[in-house]
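Undergrad: The chain contents come next:
Protein chains: 2
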Amino acid sequence: MRSPACLAAALLLLALRLPAPAVAGRPLVARDRKPAPSEAAATARWLAAQNTWGVLSTISSDLSGAPFGNVVSYSDGVPGESHGIPYFYLTTLDPTARDALEDERTSFTLSEFPLGTCGKVDPENPTCAKLTLTGKLKVVDHKSPEAALAKAALFSKHPEMEGWPKNHHFEIFKLEIENIFLIDWFGGPKPISPSQYLDYGRDQGSVMFL
Amino acid sequence: MRSPACLAAALLLLALRLPAPAVAGRPLVARDRKPAPSEAAATARWLAAQNTWGVLSTISSDLSGAPFGNVVSYSDGVPGESHGIPYFYLTTLDPTARDALEDERTSFTLSEFPLGTCGKVDPENPTCAKLTLTGKLKVVDHKSPEAALAKAALFSKHPEMEGWPKNHHFEIFKLEIENIFLIDWFGGPKPISPSQYLDYGRDQGSVMFL
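Residue numbers (the UniProt record's numbering), protein chains in the order written: chain A, 1 to 210; chain B, 1 to 210.
Pulled out of the complex, with its shape left as it was, chain A reads as follows (with noise of 0.2 Å):
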């Protein structure tokens, strides 16, 4: 019989409409490169998962509601058990999180190009993907078990945050994402919706992408 405790993370990970964690015998879907152009929502996952840092734009409350992009790491779950969600962690010491806490309005932008695999194709170039994730950027609780999985996977692919200074008061952020711009080949953006990109994988219980 299973324990009371493991009942209740069962519970929230359905809540949280998360995939369980990959267990011995459960089928997993492992993908060991870029999958194909034709694959909008894999791409745009396998994105998510490669990349370590990509570019917060918020309104700016500094700039007059100015458009304002900050460099900032982010995770989408533990290496190899990607989730889509990207959550960061953000110091109100930064613009980028005083933005957020006026506007929610924010866009996630990433780039295939740091990850070494468009070759000699130009950065602008479409087959080299560039999603761009936009919806609202919201405080983590910090008491819920939500940030104890956000915890996990931003300190697991970025351990230096776990020593940053307590007293700059960081807090954990999520992309409650609206919207999907992908482009990964010729033709323009591909229409992704957020439930299509949040659910791939989710039949076959975790995504890993090698």
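Treat the hints with care, as some may be off.
Capping the alpha-carbon separation at 27 Å, the derived lysine-lysine pairs in DSS-like fashion look like this [as the list claims (entries may be wrong)]:
no. : chain 1 : residue 1 : chain 2 : residue 2
1   : A       : Lys190    : B       : Lys166
2   : A       : Lys34     : B       : Lys157
3   : B       : Lys120    : A       : Lys166
4   : B       : Lys34     : A       : Lys157
5   : A       : Lys166    : B       : Lys136
6   : A       : Lys120    : A       : Lys34
7   : B       : Lys151    : B       : Lys136
8   : B       : Lys157    : A       : Lys120
9   : B       : Lys34     : B       : Lys190
10  : B       : Lys120    : A       : Lys120
11  : A       : Lys136    : B       : Lys136
12  : B       : Lys34     : B       : Lys157
13  : B       : Lys120    : A       : Lys34
14  : B       : Lys120    : A       : Lys157
15  : B       : Lys157    : B       : Lys138
16  : A       : Lys138    : A       : Lys151
17  : A       : Lys157    : A       : Lys174
18  : B       : Lys138    : B       : Lys166
19  : A       : Lys120    : B       : Lys166
20  : A       : Lys151    : A       : Lys166
21  : A       : Lys120    : B       : Lys34
22  : A       : Lys120    : B       : Lys151
23  : A       : Lys120    : B       : Lys174
It is worth saying that the hints were derived from the structure and are not from the lab.
Got chain A; can you put chain B on it based on the hints?
TA: Frame of chain A; chain B shown alone:
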């Protein structure tokens, strides 16, 4: 005696406040590594000279005014001659150019991380430099002498651009810089004015980041 064409070019450079191309015997600021954290304007110019792509953030007309970051290539001069003004080659088939034509407010964000000079330091660590230039994104008249200089800057660093489809109607855009946000060390953003940034190295001819 100098030819009228040469005189016209000199007057143009003066009008655009661009440094003259380096000539034999003229002093040149040659930097072969990342400037020290105390040299804020030099660090910002080094980041702009060394990178070839970044994220342009606009106010999205498709997404009801949300900020929208997009991966783009750029150039601030032919290799070895950096002027600090980022030029872009954009088409209105892409939302970024359409957004800028409706609302010029834009920011352009660069990271040191993809240059490989941050070592094992996290991309969000303040010692791994980050630069955000905020201002107005403007079309450069394609018949103007500035467009010729911008094309030389862009096509020398992004050779494939010259062959991009004519029927996509690419235009040259420039960022008119109004605000500079640079993090290159602990202690918060460095105050740099647009003129401090643009004038860096001007009194010594040209800036060559090797």
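Undergrad: Can you confirm whether the C-alpha distance between B:Lys120 and A:Lys166 stays at or below 27 Å?
TA: This hinted pair holds, its Cα atoms lying about 22 Å apart.
Undergrad: Is it true that the CA of A:Lys138 sits at most 27 Å from the CA of A:Lys151?
TA: Since the Cα atoms of A:Lys138 and A:Lys151 sit roughly 15 Å apart, the hinted pair holds (cutoff 27 Å).
Undergrad: Would the hint linking A:Lys120 and B:Lys34 be met if the CA-CA limit is 27 Å?
TA: holds, 25 Å
Undergrad: If you draw a straight line from the CA of A:Lys34 to the CA of B:Lys157, is it 27 Å or shorter?
TA: holds, 26 Å
Undergrad: Can the restraint linking B:Lys34 and A:Lys157 be considered satisfied, given a maximum Cα separation of 27 Å?
TA: holds, 26 Å
Undergrad: Regarding the pair A:Lys136 and B:Lys136, is the alpha-carbon distance no greater than 27 Å?
TA: holds, 25 Å
Undergrad: Has the given pair, A:Lys157 with A:Lys174, been kept, meaning a C-alpha gap of at most 27 Å?
TA: holds, 16 Å
Undergrad: Holds or violated: A:Lys120 with B:Lys166, Cα cutoff 27 Å?
TA: With Cα atoms ~22 Å apart, A:Lys120 and B:Lys166 stay inside 27 Å; holds.
Undergrad: Straight-line Cα separation of A:Lys166 and B:Lys136 no greater than 27 Å?
TA: violated, 37 Å
Undergrad: For the pair supplied as a hint, B:Lys120 and A:Lys120, is the alpha-carbon distance within the 27 Å limit?
TA: Answer holds: B:Lys120 to A:Lys120 is near 25 Å, not above 27 Å.
Undergrad: Hint check: B:Lys34 vs B:Lys157, CA-CA at most 27 Å. Holds or violated?
TA: Given pair B:Lys34, B:Lys157 holds - Cα atoms ~20 Å apart, limit 27 Å.
Undergrad: Is the Cα-Cα distance between A:Lys120 and B:Lys151 27 Å or less?
TA: This hinted pair holds, its Cα atoms lying about 20 Å apart.
Checked against the numbered hints given earlier, the structure breaks only hint 5 and satisfies all the rest.
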